[in-house]
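Chains as they are written, first to last, in the numbering used here: chain A, 502 to 743; chain B, 502 to 743.
Rather than coming from a laboratory, the hints here were simulated on the basis of the structure.
Given the structure is predicted, the values throughout are model-derived calculations rather than measurements.
Misleading hints may appear alongside valid ones.
For identical chains, the list gives no copy identity; a pair is met inside one copy or between any two copies.
Said to hold, decoys possible - List of simulated lysine-lysine pairs, DSBU-like, C-alpha gap at most 35 Å:
id: 1; residue 1: Lys586; residue 2: Lys636
id: 2; residue 1: Lys706; residue 2: Lys636
id: 3; residue 1: Lys532; residue 2: Lys636
id: 4; residue 1: Lys532; residue 2: Lys586
id: 5; residue 1: Lys706; residue 2: Lys586
id: 6; residue 1: Lys636; residue 2: Lys591
id: 7; residue 1: Lys532; residue 2: Lys565
id: 8; residue 1: Lys565; residue 2: Lys591
id: 9; residue 1: Lys706; residue 2: Lys591
id: 10; residue 1: Lys706; residue 2: Lys565
id: 11; residue 1: Lys586; residue 2: Lys565
Listed here are the chains, written in short residue letters.
2 protein chains.
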Amino acid sequence: MTKSRLTSRSDGRVARRYLARRLEILRAAGKQFRASGFADSGMRDIAAAADLSPANLYNYFQGKHEILFFCQDVTLDRLIAALEKARRLKVSAAEKLRLVIVSHLRCVLDEIEGSAAHLLTTALPTRLQRSLVLKRDRYEDGVRQLIVSGTRNGEFVPCDPALAVRAILGALNWSVRWFNPDGTLTAAEIAEGFADYLIRGLLAKPASLHRPSTTRNLQRPAHKFFPQATRRHDEVPRFSER
Amino acid sequence: MTKSRLTSRSDGRVARRYLARRLEILRAAGKQFRASGFADSGMRDIAAAADLSPANLYNYFQGKHEILFFCQDVTLDRLIAALEKARRLKVSAAEKLRLVIVSHLRCVLDEIEGSAAHLLTTALPTRLQRSLVLKRDRYEDGVRQLIVSGTRNGEFVPCDPALAVRAILGALNWSVRWFNPDGTLTAAEIAEGFADYLIRGLLAKPASLHRPSTTRNLQRPAHKFFPQATRRHDEVPRFSER
DNA sequence: TCATTTACTGAACTATCGTTCAGAACTTGT
DNA sequence: ACAAGTTCTGAACGATAGTTCAGTAAATGA
Chain A
502 MTKSRLTSRS
512 DGRVARRYLA
522 RRLEILRAAG
532 KQFRASGFAD
542 SGMRDIAAAA
552 DLSPANLYNY
562 FQGKHEILFF
572 CQDVTLDRLI
582 AALEKARRLK
592 VSAAEKLRLV
602 IVSHLRCVLD
612 EIEGSAAHLL
622 TTALPTRLQR
632 SLVLKRDRYE
642 DGVRQLIVSG
652 TRNGEFVPCD
662 PALAVRAILG
672 ALNWSVRWFN
682 PDGTLTAAEI
692 AEGFADYLIR
702 GLLAKPASLH
712 RPSTTRNLQR
722 PAHKFFPQAT
732 RRHDEVPRFS
742 ER
Chain B
502 MTKSRLTSRS
512 DGRVARRYLA
522 RRLEILRAAG
532 KQFRASGFAD
542 SGMRDIAAAA
552 DLSPANLYNY
562 FQGKHEILFF
572 CQDVTLDRLI
582 AALEKARRLK
592 VSAAEKLRLV
602 IVSHLRCVLD
612 EIEGSAAHLL
622 TTALPTRLQR
632 SLVLKRDRYE
642 DGVRQLIVSG
652 TRNGEFVPCD
662 PALAVRAILG
672 ALNWSVRWFN
682 PDGTLTAAEI
692 AEGFADYLIR
702 GLLAKPASLH
712 RPSTTRNLQR
722 PAHKFFPQAT
732 RRHDEVPRFS
742 ER
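Starting from the given sequences, assemble the full structure and let the hints guide the process.
What follows is the structure, given as structure tokens:
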């Protein structure tokens, strides 16, 4: 028993390479999960997508469940980070919500970093499962609070915030089912349209646009949120064939 | 080779019993699919839910894929039927859309008849797959036309109908992920709240309620759409553990 | 009651899944 | 160049999935 990977000395190139490979695998697995779902993504598929042998995956993760766990965990962390960033801003509730919606779609649709936060499965060990559900609830609670505060200050119409937040998150999460990076709509365009519609349903007053005006950079430029959003949404396969 | 089941003579009790059993199986399978997803619902689970031996399932369906196909097919037929009923009504676009939304949630959440129109999987043979996708597109097209006509007559705000319809259907379809028949909200209550919010996002004018007034029976009584909606939505497991 | 058709079942078959492991190939430090 | 450490792989294992089939139980009609 010699120096382990994590306690290796000084520079730690090996540790860095190890972590980099882990991320590569997570990216490939996320893409695979998004494309084929969890159950239909075999370890052999993930390995092929990550350009590794199936056996080698087990040098980086304990098993399939751990890969899924980290996919969801990092995505949830990014969702929560975007949420808290929005909360700290001194803008209207509508503009905060817009940032959350746009960030959410980016986390879920992005071709490179996008993962599958929504693919919770009973296949996960109970401990990990509970941790994810808790984190997900924290996120949902936060978004709901955003709606509640908007309702309190009269910006939003009175409504059941628990229902509104689930309608919004449902619309966002379902997008991975039909989104096609080669289609006619970029992820950024979808995000804009969704935000317009989903926020309008909450507004008390028609309010011309309700896009951020003083803080226009919140949503622009689109290529900052979706740097590689060059492919487009296809018209023909309305729903994915999954 | 004697008389087959379908060509059996006169009264045809056997044929009726056969079809009834088929429906029982479809109901049990639909419940199972909704609860555990397609991949995690084994033939042995479906058989247990339908109170049959696994082998006996193959006397009624060619295989698992055919069970899924019929589950989705009958659900899509019901969705399209509700859509066309709404289109024939002489009411506002908002009220038509409300009927479609409420019917959709009923088709998807109902504890007895509800199925899983959204569980398209690559596991289906190409022929069946295409048939379902086509039907699903017909439904989506119809709902989008509803939005377009509402926009044309000034009732709805100008927007991208393709995005709006996907946001709406996404919110509706995602509901099976978190809906809990034992929870605090009945399916009918969810339908009302969702319809309020999702339609408000399209309206050009705030328009107090926009529930059907002259045709109040379109949405009332709730127990007509959800005859057995007595169980309630739970508060704790925000997302299903699937 | 008996013969025929229909409904059903337990056990086994095949394929595929996640996973393991002995050892090869490569990298690194001296 | 050599040894130590690491990264990787092909082949196999056990479990479980969907499915099949020989044959039993039940229903039907005379």
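Item to complete: Would you pick out the hints that fail for this structure and give their numbers low to high?
Response: Result: hints 8 and 10 break, sorted rising.
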